[in-house]
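Residue-level listing of the chains:
Number of protein chains: 2
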Amino acid sequence: MAVYVYGHKNPDTDSVCAAIAVADLKSKLGVEAKPAMQGELNPESKFVLEKFGVDAPEFIDSAKGKQLILVDHSDLAQSLDDLKEGEILGIIDHHKLGDVTTPNPLECWIWPVGCTCTVIKSMYDFFGVEIPKNIAGIMLCAILSDTVIFKSATCTDKDKEAAEALAKIAGVDDLQALGMEMFKVKSAVEGTPIRDLLFRDYKDFDMSGNKVGIGQLEVVDLSILDPVKDDLYEEMKKVKEEKGAHSIFLMLTDIMKEGTELLVVSDDASVVEKAFGKAVEGRSVWLDGVMSRKKQVVPNFEKAFAG
Amino acid sequence: MAVYVYGHKNPDTDSVCAAIAVADLKSKLGVEAKPAMQGELNPESKFVLEKFGVDAPEFIDSAKGKQLILVDHSDLAQSLDDLKEGEILGIIDHHKLGDVTTPNPLECWIWPVGCTCTVIKSMYDFFGVEIPKNIAGIMLCAILSDTVIFKSATCTDKDKEAAEALAKIAGVDDLQALGMEMFKVKSAVEGTPIRDLLFRDYKDFDMSGNKVGIGQLEVVDLSILDPVKDDLYEEMKKVKEEKGAHSIFLMLTDIMKEGTELLVVSDDASVVEKAFGKAVEGRSVWLDGVMSRKKQVVPNFEKAFAG
Ligand SMILES: [Mn+2]
Ligand SMILES: [Mn+2]
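Line by line, the protein sequences are chains A and B.
All residue numbers for the first sequence refer to the UniProt record's numbering, where the first residue is 1 and numbers rise by one.
All residue numbers for the second sequence refer to the UniProt record's numbering, where the first residue is 1 and numbers rise by one.
Honestly, the hints are just simulated from the structure, not real lab data.
What you were told as hints is all true, and nothing was included just to trick you.
One copy or two, either will do: identical chains are not told apart, so a pair holds if it fits within one copy or between any two.
Lysine-lysine pairs mimicking DSS-like chemistry, simulated, CA-CA at most 30 Å apart:
1) K64 x K295
2) K184 x K237
3) K28 x K295
4) K303 x K64
5) K84 x K274
6) K84 x K158
7) K274 x K64
8) K211 x K84
9) K96 x K203
10) K237 x K203
11) K28 x K51
12) K151 x K203
13) K34 x K158
14) K184 x K158
Please put together the full structure from these sequences, using the hints given.
Below you can see the structure in the form of structure tokens.
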């Protein structure tokens with residue numbers, strides 16, 4: 001029976017590539033393992049897999065009777081709904097420790113770095129397993145994606161070192177160029193249904209009893225989003241209604257200007273000023289230097305909602 | 001400000017030695033770190049530290065304002081009561097994943113092996129840090145203790161490999177002899193207050209809403225416990241009363257015969273038959289081949305209480 005390796009809901013490039021890399025590593029260590037994902041490939045991930053000629057993971061929507069390795073998350077809310085029906089053998093991640101628990105001992109590699117694939121690079125080294133060229137390529141892309149080409153506040157020296165070593169294996173000379181190519185794909189909004197765009201990289205949180213949704217779109221220039229901004233805002237209102245949420249926030253992150261325009265639909269927009277010391281004007285606020293949901297936005301909102 | 005490294009309540013040799021080793025490793029990696037423990041040294045740990053000339057960790061009873069690394073546990077019930085007041089930087093463990101969560105990314109090394117010090121041996125190797133001779137000695141003892149000289153069901157090949165490598169560094173030729181020397185100290189009961197003996201290696205569990213306490217005494221021959229068995233049984237009754245527990249179990253484990261006499265004080269002793277297929281006779285039952293609380297006793301009782 002194969003072990004299924006899978007990342008969080010609304011899979012991003014790290015979740016997809018980490019699942020593929022861990023399944024490869026485990027297979028070479030003698031454990032039959034398959035990469036899986038809880039949703040469709042986003043355009044960026046699709047581009048990355050095509051560029052390096054790697055097959056997409058299979059779709060998974062149930063843990064029942066399966067042995068599992070979780071990558072890029074340790075929160076129940078981001079995992080398979082029936083997780084209790086499966087057996088968790090391991091977790092490989094780079095986030096805060098979530099509420100997943102297990103009845104049996106397991107294998108966890110969780111480090112405070114910018115990307116799960118940085119941890120996995122070290123795991124390959126630790127076990128003395130060679131990284132295939134194409135898998136090195138997609139792991140590199142995951143690091144460029146999660147760290148926003150090394151610009152994110154979550155990026156560490158370990159991420160840079162791993163990316164450079166992976167680039168050598170993958171035969172990539174210009175990391176910056178590969179990153180920009182990827183983010184241009186990620187920036188593309190034409191032809192995408194507006195709800196898919198809003199949910200492209202979206203997570204729900206419980207903050208002191210309030211339901212809070214935070215999405216993020218990273219683009220190489222904010223003007224790319226001008227044609228869809230009104231529609232995004234109307235869609236956020238609908239989603240807030242449907243979820244009965246306190247707030248829906250959408251980070252429109254300009255990776256070149258290194259800042260975020262935060263679109264705000266909220267029962268009480270003053271939480272934004274509490275969180276960032278800057279009031280919402282109209283429907284949004286510009287947050288200079290803010291690029292990371294995990295490290296800059298979520299903690300600030302958690303404090304603001306708690307206080 | 002130093003980072004405090006500490007193990008579970010009622011510290012055992014692994015918790016104490018893992019705290020010392022991780023603090024040593026972190027210090028050499030440039031992080032000021034101090035070993036700590038949540039209680040007194042047990043006789044075995046005292047013997048181990050004295051044998052290799054290592055100082056005891058300092059006592060810790062509050063997380064307030066401290067940066068922390070947890071070793072040998074990830075359960076809130078086994079950690080500092082005010083854990084929320086501190087900041088968890090990491091967890092190094094070999095148990096099931098408990099209910100500790102964090103607001104920030106952290107460093108976890110959790111492997112399904114027989115002893116935390118086996119994980120730490122690999123960490124030293126991973127970071128290319130040399131293990132001091134005396135610390136190798138106490139890490140070796142922790143492995144011999146947790147794996148009952150490699151006889152426990154929790155023992156893996158990784159534990160044996162780590163122990164052999166550590167023995168070389170520590171200059172120990174005869175692992176079996178060192179293990180027996182240690183377990184003879186552990187077996188000694190003379191002069192120990194009866195409650196201290198019962199709590200020497202004792203843990204509380206919540207099993208399907210029932211409070212269940214399970215202690216374990218490992219001896220080289222069960223006859224060593226004959227003079228204190230009546231008193232232990234009376235003390236278990238008192239503890240059950242005081243805690244309002246459903247059951248108090250005490251494993252009297254004979255490491256040479258490789259089995260356990262389970263002393264039982266319970267509202268419903270039939271859970272023992274449900275768990276092990278063998279009924280309690282009088283106040284106890286002999287469980288052949290059962291040596292590990294974690295791997296053999298806790299999971300069976302959890303199933304019995306759930307069903
Ligand atoms: Mn990630
Ligand atoms: Mn242990």
